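Q: Using the sequences and the hints, build the whole thing.
Letter by letter, the chains look like this.
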Amino acid sequence: MIKANFWQFSFALLLTIKSASALAVPTDEELAAVGERYLALAHASFSAAQIESKVLQQAVYEFLDAPTEENLTKAKMAWSEARKPYAEIEAFRFGNLPIDDWEPQLNAWPLDEGFIDYVDQSQYFYELGNPVGQANLIANTRLSFGPQELDLSELTPDLLASLNELGGTEANVATGWHAIEFLLWGQDLNGTNPGAGNRPVTDFALIETDCTNGNCDRRREYLKATTDLLVADMQVGVDFWDADIESNYHKEFVALPAREQLRRILFGVGSLSLGELAGERMKVALYANSPEDEHDCFSDNTHTTLLHDQIGIANVLNGRSDFVDELDQGISVMELLDQQDPALARDLQNALQHTTEIIGRISQSADAGIAFDQLIAPGNAEGAAMIQQAIDALVAQTRLIEAAATALGLSSLAANTEGHF
Amino acid sequence: MNRVLSSRLAALILSAAAFCTFSSPLLADPSKPGGATTTEFQDVNAFSQPATNLSLDGRMNFSIGNSFFRNPWIAAPATTTARDGLGPLFNTNSCQGCHIKDGRGHPPLPGQAQAVSTLIRLSIPETQERPRGAAEGVVPEPTYGDQLQDFSIAGVEPEARIHWDYEFSQVELSTGSSVSLRKPLIELSHLAYGPMHPDVMLSPRVAPAMIGLGLLEAIPEEEILANADPDDQDGDGISGRPNMVWDSIEEQVVLGRFGWKASKPDVKQQTAAAFFGDIGITSSLSSQQSCMPAQTSCIEAPNGGSPELSDELLDFVTFYSQHLAVPARPDHSNTEIVAGEQVFHEVGCASCHTPKWQTGTGASAALSNQTIYPYTDLLLHDMGEGLADHRPDFEASGTEWRTPPLWGLGSYKIVNGHTQLLHDGRARTPLEAILWHGGEAEASKNNVIQLSEDRLTHLLTFLDSL
Numbered sequence: 001m002i003k004a005n006f007w008q009f010s011f012a013l014l015l016t017i018k019s020a021s022a023l024a025v026p027t028d029e030e031l032a033a034v035g036e037r038y039l040a041l042a043h044a045s046f047s048a049a050q051i052e053s054k055v056l057q058q059a060v061y062e063f064l065d066a067p068t069e070e071n072l073t074k075a076k077m078a079w080s081e082a083r084k085p086y087a088e089i090e091a092f093r094f095g096n097l098p099i100d101d102w103e104p105q106l107n108a109w110p111l112d113e114g115f116i117d118y119v120d121q122s123q124y125f126y127e128l129g130n131p132v133g134q135a136n137l138i139a140n141t142r143l144s145f146g147p148q149e150l151d152l153s154e155l156t157p158d159l160l161a162s163l164n165e166l167g168g169t170e171a172n173v174a175t176g177w178h179a180i181e182f183l184l185w186g187q188d189l190n191g192t193n194p195g196a197g198n199r200p201v202t203d204f205a206l207i208e209t210d211c212t213n214g215n216c217d218r219r220r221e222y223l224k225a226t227t228d229l230l231v232a233d234m235q236v237g238v239d240f241w242d243a244d245i246e247s248n249y250h251k252e253f254v255a256l257p258a259r260e261q262l263r264r265i266l267f268g269v270g271s272l273s274l275g276e277l278a279g280e281r282m283k284v285a286l287y288a289n290s291p292e293d294e295h296d297c298f299s300d301n302t303h304t305t306l307l308h309d310q311i312g313i314a315n316v317l318n319g320r321s322d323f324v325d326e327l328d329q330g331i332s333v334m335e336l337l338d339q340q341d342p343a344l345a346r347d348l349q350n351a352l353q354h355t356t357e358i359i360g361r362i363s364q365s366a367d368a369g370i371a372f373d374q375l376i377a378p379g380n381a382e383g384a385a386m387i388q389q390a391i392d393a394l395v396a397q398t399r400l401i402e403a404a405a406t407a408l409g410l411s412s413l414a415a416n417t418e419g420h421f
Numbered sequence: 001m002n003r004v005l006s007s008r009l010a011a012l013i014l015s016a017a018a019f020c021t022f023s024s025p026l027l028a029d030p031s032k033p034g035g036a037t038t039t040e041f042q043d044v045n046a047f048s049q050p051a052t053n054l055s056l057d058g059r060m061n062f063s064i065g066n067s068f069f070r071n072p073w074i075a076a077p078a079t080t081t082a083r084d085g086l087g088p089l090f091n092t093n094s095c096q097g098c099h100i101k102d103g104r105g106h107p108p109l110p111g112q113a114q115a116v117s118t119l120i121r122l123s124i125p126e127t128q129e130r131p132r133g134a135a136e137g138v139v140p141e142p143t144y145g146d147q148l149q150d151f152s153i154a155g156v157e158p159e160a161r162i163h164w165d166y167e168f169s170q171v172e173l174s175t176g177s178s179v180s181l182r183k184p185l186i187e188l189s190h191l192a193y194g195p196m197h198p199d200v201m202l203s204p205r206v207a208p209a210m211i212g213l214g215l216l217e218a219i220p221e222e223e224i225l226a227n228a229d230p231d232d233q234d235g236d237g238i239s240g241r242p243n244m245v246w247d248s249i250e251e252q253v254v255l256g257r258f259g260w261k262a263s264k265p266d267v268k269q270q271t272a273a274a275f276f277g278d279i280g281i282t283s284s285l286s287s288q289q290s291c292m293p294a295q296t297s298c299i300e301a302p303n304g305g306s307p308e309l310s311d312e313l314l315d316f317v318t319f320y321s322q323h324l325a326v327p328a329r330p331d332h333s334n335t336e337i338v339a340g341e342q343v344f345h346e347v348g349c350a351s352c353h354t355p356k357w358q359t360g361t362g363a364s365a366a367l368s369n370q371t372i373y374p375y376t377d378l379l380l381h382d383m384g385e386g387l388a389d390h391r392p393d394f395e396a397s398g399t400e401w402r403t404p405p406l407w408g409l410g411s412y413k414i415v416n417g418h419t420q421l422l423h424d425g426r427a428r429t430p431l432e433a434i435l436w437h438g439g440e441a442e443a444s445k446n447n448v449i450q451l452s453e454d455r456l457t458h459l460l461t462f463l464d465s466l
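First to last, the sequence lines map onto chains A and B. FYI, the numbering used here numbers position 353 of the first sequence as 353, with every residue one higher than the one before it. FYI, the numbering used here numbers position 200 of the second sequence as 200, with every residue one higher than the one before it.
Hints listed in this document are in silico derivations from the structure and should not be mistaken for laboratory results. Certain hints may be false.
[As the list claims (entries may be wrong)] Examples of chain A residues toward chain B, derived with CB under 10 Å: (1) T169; (2) E170; (3) R281.
[Said to hold, decoys possible] Partial pick of chain B residues on the chain A-facing surface, computed with a CB cut under 8 Å: (4) E40; (5) F62; (6) S63; (7) N71; (8) N93; (9) S94; (10) H190.
Just so you know, these numbers come straight off a predicted model, no measurement behind them. C-beta atoms are modelled at their ideal positions from N, C-alpha and C, and glycine is treated no differently.
A: Here you go:
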């Protein structure tokens with residue numbers, strides 16, 4: 001009896017807290033509407049990225065059919081274009097475990113390039129614990145390490161996928177965006193000086209006598225296999241979010257409590273903003289002054305990925321994307337926040353725009369000939385300041401994402417392992 | 001009550017809960033061995049996740065630490081100033097090179113030129129002429145120091161080559177089946193700096209997994225010491241001694257927790273020692289290059305700054321090492337696993353592999369006040385002649401080892417593709433590891449040998465569920 005009275009009393013107290021609170025937290029229905037928009041945007045964005053990956057595949061095929069300078073340039077351009085919508089869907093990675101698990105085969109980095117192809121040994125620093133850091137999969141039809149003997153005679157997508165992290169070393173990246181990037185551009189031997197990788201087109205020659213650096217047939221086979229795998233993997237990505245598939249992540253997400261949906265949404269953009277962009281991709285590069293720590297280091301395209309990662313964050317919050325037709329399902333996080341706390345919504349919108357603009361300057365610098373790897377060169381105070389400004393903007397933006405979470409009724413963005421709230 | 005109303009009510013209670021802080025401790029949950037830090041990842045990346053309850057700020061520090069844990073260091077001088085300073089003598093060029101996928105190393109593979117994820121510790125017996133200093137766990141071998149480094153930068157000779165072989169023996173179980181055990185036989189050749197001291201003591205060590213270290217660090221010292229029974233006053237045959245070691249930050253003797261003989265007091269000093277001994281990277285905690293007086297080419301080699309690792313980066317890598325999550329045990333309540341857990345207690349494993357602890361104040365809020373299931377008492381135990389390395393370290397004798405945590409045991413085969421256990425990786429399975437137990441654990445081992453086939457299977461299934 002006493003217990004019952006206590007709970008009745010507690011409940012009355014809770015009601016008092018609720019009604020006394022000036023800003024009531026959103027209802028489950030409102031939160032579910034945010035989840036609905038998020039799912040629609042995820043599916044449309046992944047689909048858009050997949051279409052661009054097919055354009056890249058087409059350009060690679062044309063290049064392999066006719067390996068000319070012009071077709072190599074076209075293939076490189078197609079890669080750079082396809083990176084944009086891909087970078088934008090990184091905002092869906094963190095917080096959604098299946099996406100985070102799917103990502104490495106597509107986007108693992110950094111990679112020990114000697115695992116894949118020939119390298120200039122004088123500028124190649126690989127992990128010494130890596131038993132296959134100099135395996136050169138392209139040059140060798142068999143590979144033995146320890147008691148294992150692998151048959152590499154046919155370079156198929158499945159074989160390459162099975163070679164990722166061979167021997168337990170993460171730097172053994174056989175597939176994905178950066179493997180393709182390395183094949184198209186080659187090692188960037190310019191350090192923090194101007195210039196990207198400069199692989200000769202004759203590395204892909206059709207006729208053996210024209211072939212530079214050996215094994216052109218195998219290199220062509222490798223490029224085709226890893227590009228085909230990328231397109232297939234992008235389809236796997238689209239399928240996570242397809243509402244018409246019987247059992248997939250879309251279904252799992254829909255079944256979550258609305259508050260957990262919102263937590264995953266905000267945790268995802270917060271993690272990309274702070275841990276991944278400000279931390280791993282910028283602060284580390286700035287500390288280490290090392291082009292090895294540059295994300296798209298072969299192509300010097302890092303600035304594009306950074307910018308579109310940031311645009312992806314804004315997209316998720318605003319429930320829209322330039323790559324996607326206007327969506328009418330549910331409402332965006334920003335719309336809900338605007339109902340809840342208009343001033344905070346305005347601040348967050350301003351912060352997103354400001355960060356996009358600041359990161360845009362890194363991009364403009366690259367377009368003007370000074371790429372990310374030059375900005376992080378030791379002694380480049382102006383470059384360091386530019387990157388530090390971007391880090392600061394990302395940190396400030398993340399603070400507002402956390403404030404938005406609080407305003408929308410979440411106590412913490414970190415997962416609560418006692419269950420879903 | 002209609003559905004909409006009931007869900008609104010639920011939301012109401014939940015939202016109110018978010019504003020209140022309940023002081024009652026969270027219920028212990030064995031499916032979450034790392035408490036709220038536990039990760040749901042069960043695949044090859046199961047050991048590489050940040051503590052699940054880590055804040056976004058914490059995740060940024062974790063990411064930065066991860067990068068310096070993962071990527072290789074290079075020889076000085078180099079343009080990448082924060083990443084140079086490798087060697088001159090070293091065992092590998094990155095943390096990840098030994099702590100593979102943040103998991104365990106392994107003994108050298110057949111034909112592998114350098115040991116990499118296994119190293120050899122060296123020392124000589126303490127004498128009146130050369131006593132052990134207060135800050136030293138051992139008296140280093142006079143020419144080669146306290147660790148053999150089989151890699152070097154250009155212009156410096158690696159110290160030696162390690163030849164690794166095994167001798168085999170058999171143990172019969174009461175069920176009639178027989179288990180083959182192997183013991184490493186180590187020989188050194190190509191000693192580059194002259195002969196070693198005739199009384200040199202060698203101890204091979206495999207790199208351990210990195211999970212849950214910040215939680216172990218957060219167990220209150222008095223709780224660990226309360227379990228110690230150095231003179232076996234309770235007569236259960238189990239002593240349990242704390243290793244009391246030098247804390248070079250506090251400059252005093254404190255409880256040792258980390259390393260195979262618990263010779264390091266905390267994650268930061270363990271991290272600095274590994275940077276120094278294994279990669280040849282100096283820090284404010286180990287500021288001189290790891291060159292011995294006779295190693296002139298090592299002394300004269302260029303360095304990567306003084307120190308090579310800034311305090312800031314040491315802190316990031318320490319933070320990373322403290323916050324690697326322990327994987328969940330979704331199957332912990334399966335009938336067979338529960339039966340195996342019962343056997344684990346009955347045969348006496350839990351006397352040293354203490355299942356449950358409560359952390360106090362940790363290095364971050366994420367690590368504090370967590371109920372955890374590491375299965376260790378963090379104390380030293382005499383493990384008998386079979387496992388002895390006869391190389392004392394601080395107060396640990398030549399037959400004593402620190403109880404290693406068992407959490408994550410079932411994930412090794414997924415993360416690292418093997419289950420080579422014990423300090424030198426000699427045991428190829430958990431059963432072999434059990435059969436190597438001697439000394440204080442002799443009785444428990446004999447209990448396992450006597451188990452029926454069913455009960456042994458249950459025990460091993462339980463261990464595999466950790």
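Q: What are the numbers of the hints the structure violates, in ascending order?
A: The structure conflicts with hint 10 only, although it agrees with all the remaining ones.
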